[in-house]
Amino acid sequence: MSRVKELQKSLFGGTTSNARQFGMIFTLVAIVLLFEILTNGLTLNPGNLISLVSQYSYILILAIGMLMVIVAGHIDLSVGSIAAFVGIVVAKVMQDYSLPWFVAILVGLAVGALIGAWQGFWVAYVGVPAFIVTLAGMMLFRGGNQFIGNANTIPVPEGFRVIGAGFLPEIGPDTGYNNPTLLLGLVACVAIVIREWRGRRTRREMGADVAPMWISVIRVAVPLVVVVFATLQFAGGRVGTSFPVSGIILAVLVVIYSFITRNTAGGRHIYAVGGNARAAELSGVKLKRVNFMVMMNMSILAALAGMIFVARSAASGPQDGIGWELDAIAAVFIGGAAVSGGLGTISGSIVGGLVMAVLNNGLQLLGVGSDRVQIIKGLVLLLAVAFDVYNKKQGRFSVIESLMRPFRRDTPAPASPAEAEQERGKSPVAG
Amino acid sequence: MSDAPVLLEMRSITKEFPGVKALSDVNLVVRAGEIHAIAGENGAGKSTLMKVLSGVYPYGSYSGQILYQGSESRFSDIRASENAGIVIIHQELALVPGLSITENIFLGNEPRRGGVIDWKTANRRAAELMAMVGLEEDPDTLIGDIGVGKQQLVEIAKAFAKNVKLLILDEPTAALNEDDSQHLLGLMREFRQRGITSIIISHKLNEIAETADSITILRDGQTIETLDIKADGVDEDRIVRGMVGRELHSRFPDHTPNIGEVFFEVRDWTVRHPIAAERLVSKNASFTVRRGEIVGFAGLMGAGRTELAMSIFGRSYGTYVSGQIIKDGQEIVIKSVSDAIAHGLAYVSEDRKSIGLNLLDDIKTSVVSAKLSKVISHGVIDQVREHRAAEDYRKSLRVKAPSVDDPVTTLSGGNQQKVVLAKWMFTDPDLLILDEPTRGIDVGAKYEIYGIIQRLADQGKGVVVISSELPELIGLCDRIYTVFEGTITGDIARADADPELLLKQMTSVKKAQRS
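In order, the protein sequence lines correspond to chains A and B.
Going by the UniProt record's numbering, the residue at position 264 of the first sequence is 264; the numbering climbs one at a time, nothing skipped.
Going by the UniProt record's numbering, the residue at position 284 of the second sequence is 284; the numbering climbs one at a time, nothing skipped.
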């Protein structure tokens, strides 16, 4: 193992699934710095950061669900339409029945769950490919949105707008910063330290090699610097603004879903199904249930994203959510998920989504027209995945490693001849 | 027959793969107008030899000479050998289900006029060819709508459309029923009358003895002998002797079995094929396993051993028709894989890579994957316990990997197999069904796997081993069942087990069934 790889492994945990994240984090940092220079400091200024988060939080929420769908080996094209459909339903019930906003949110989530059960049923129990089911859903719920809303825009009341356009309140002593945001930053810092400390303890209990102390210091120090910087920026914006509520929702979801995908049986099963469905089935995984849950979960998150968007724009309209599915899918693939399923992480997808968001935002700040922004985003997606495919063909995963290749001689080991030479054909049930 | 001119001679063919010599100095002489059989156990090199002949392994990738019609041939690919009139029909038919019989016959070889397919000629010739092979169907019928036996005839018609001189059939009757098989063999005899030469590879030795004129026997990649069926008076027994004639030396760890009472019993297990519902892949199969016993299942490819095992293991194959499972004196009902695991069953599949492992996983994830509940507390996977469990197996099974965090793809076949074994040992099974546990792994690793199997039996577990290697079954098992076309045809104790007896039982319908 080369030293670069060793370092990468100890810094990032280094299994194949998150190796691409390594490259993406650097890409993200590079893009941020590039735009920071090109825009003369506009990119990282508090106002821009705040609008960046509130503008992209719903796409990133979709990316969480989409990651799980893609890991399980499916796709969901209907999320934009579902978001729009739920948005209009929620706006309508608040307008017509004057439901309180928090009840309306529950209604929205329930509608999302119902839609998810519908799609999950077709995918998991009937066996219609998710591509088809959700393509149908895309049309179905887009039409449903216009049917219910009469193709009109319906405004939502003030209280509801908090989830999309709200900020942490200004409370406590006058520190020149938004106090709750400072507190949030502090909590994040403590969490980072505890996480690393517990990670080391776990490794020790396993009797596995514990990374040297200086690696742990780097692993803690770098995120801490980022968090402290972000906290001060978010807390130091225009009075009345701070870290957006939608950003908090996103952060909570990221923490919960990262935990589920990594540390629970349900999460493991999603990866198992996507990695090798037949093997998973023969290991006792309930294939249908996993597929159903994944599709249903996606629709619930789409419902949430739709409501946040409606809250932010203060009204639900017939054009909401168009193209969101593509942004979410792009985020997941840029973030290192495999097209064939079985690989990918929540955090990777978030990084992938942020790359797209910063790119979009930075180009807009530079005054680049939306035509060219789209062209650039398309190329970035293509290159990111092409790079991954190329690396896989070479049998390696890391960015830096591939730059070093000309200096190394080893070639990937050939497939075992004994297995290539079996007389008994490839049918899995011969025998 | 032996005075006919030689059509094909393969001289000292040697084909090596990295680390393995698949063919070593093999010679084959086929005379014009004869039916020449090639026999040998699985892995003897039959298919490799045919791939050399047909250009799948191009000239230059092997050493030796191919003399065809009197001159040396150097085929660069299948197309080149087909142009010379050598057509091979593989066991997995190469037909397109959604196209018609005519379209399949001329696929890639369409009669054209001015760049456009000449359907008139195609239909006329298709009708001729179909008459020739005795296929009575509308030429516009889709391939997917006719049975396997007729599909085989379409393959042969397709070969004739290419102007075949030497027809090679790889296990042509393996998937056919008795009638279709007889028709096909009759057809081959008809072709002989017309002067067409055929090579047939078959496990069904009675068919060879009845149909072929001469036979070449391969064993371990070497030519053992070539016999004239009539002149040498060759019968099934004679072929078997040639196929298995090797010495069994100590390829197995010493082991004294400690066998207890019967604890697992399957009664009258009957299963339908998942698609062809009229076909039974298992017919009234009954067997028993004792504690501490290693029970072998011998049978040819397609005999239904894997199907039987997978069907018992949570109805993972085919459609369950009838049958009972009795464990520890009580009938148990197993409807899903999770039921099976909960009842202490484990099934290690024959195909490690496609259905045994998730190749994206690392070692520790694989080891715990069939019983995650053992490492979960309060709904959360305990990484320490997971790691320790995997680490224990890595040491006790001597998996050659620096760490359990390594992906399973970095392991050799033998070590991957140990990981799969660990995965199922981790479920604390009472009965382990191991399907081809040593396939594709080297001799040293095999020895270790045998040791693991014996240790499992010594712990009082029952172990079922399905294997196509007879010496392996004889060396390892305390008792061997033979399976033929879904029926259990024999129950042979270790003391009586010899390859000839086994081969006879697994190739014939003598005992149990001829309905």
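Don't take each hint at face value.
Here are the simulated distance ranges between beta carbons [as the list claims (entries may be wrong)]:
no., chain 1, residue 1, chain 2, residue 2, range
1, A, Val-29, B, Val-56, 32 to 38 Å
2, A, Phe-387, B, Val-380, 33 to 39 Å
3, A, Val-217, B, Ser-24, 43 to 49 Å
4, B, Val-56, A, Leu-38, 41 to 47 Å
5, A, Val-126, B, Tyr-320, 20 to 26 Å
6, B, Gly-147, A, Val-389, 38 to 44 Å
7, B, Val-56, A, Ala-113, 53 to 59 Å
8, B, Tyr-320, A, Thr-153, 56 to 62 Å
9, A, Val-389, B, Glu-178, 45 to 51 Å
10, B, Pro-402, A, Asn-263, 23 to 29 Å
None of these hints come from the bench; they were simulated from the model.
Keep in mind it's a predicted model, so treat the numbers as computed, not measured.
Even glycine gets a Cβ: it sits at the ideal position worked out from N, Cα and C.
Hint by hint, here is what the structure shows:
no.: 1; hint: A:Val-29 / B:Val-56: 32 to 38 Å; in the structure: violated (51 Å)
no.: 2; hint: A:Phe-387 / B:Val-380: 33 to 39 Å; in the structure: holds (35 Å)
no.: 3; hint: A:Val-217 / B:Ser-24: 43 to 49 Å; in the structure: violated (60 Å)
no.: 4; hint: B:Val-56 / A:Leu-38: 41 to 47 Å; in the structure: violated (57 Å)
no.: 5; hint: A:Val-126 / B:Tyr-320: 20 to 26 Å; in the structure: holds (22 Å)
no.: 6; hint: B:Gly-147 / A:Val-389: 38 to 44 Å; in the structure: holds (41 Å)
no.: 7; hint: B:Val-56 / A:Ala-113: 53 to 59 Å; in the structure: holds (54 Å)
no.: 8; hint: B:Tyr-320 / A:Thr-153: 56 to 62 Å; in the structure: holds (57 Å)
no.: 9; hint: A:Val-389 / B:Glu-178: 45 to 51 Å; in the structure: holds (50 Å)
no.: 10; hint: B:Pro-402 / A:Asn-263: 23 to 29 Å; in the structure: holds (25 Å)
Consistency note: the structure conflicts with the earlier hints numbered 1, 3, 4.
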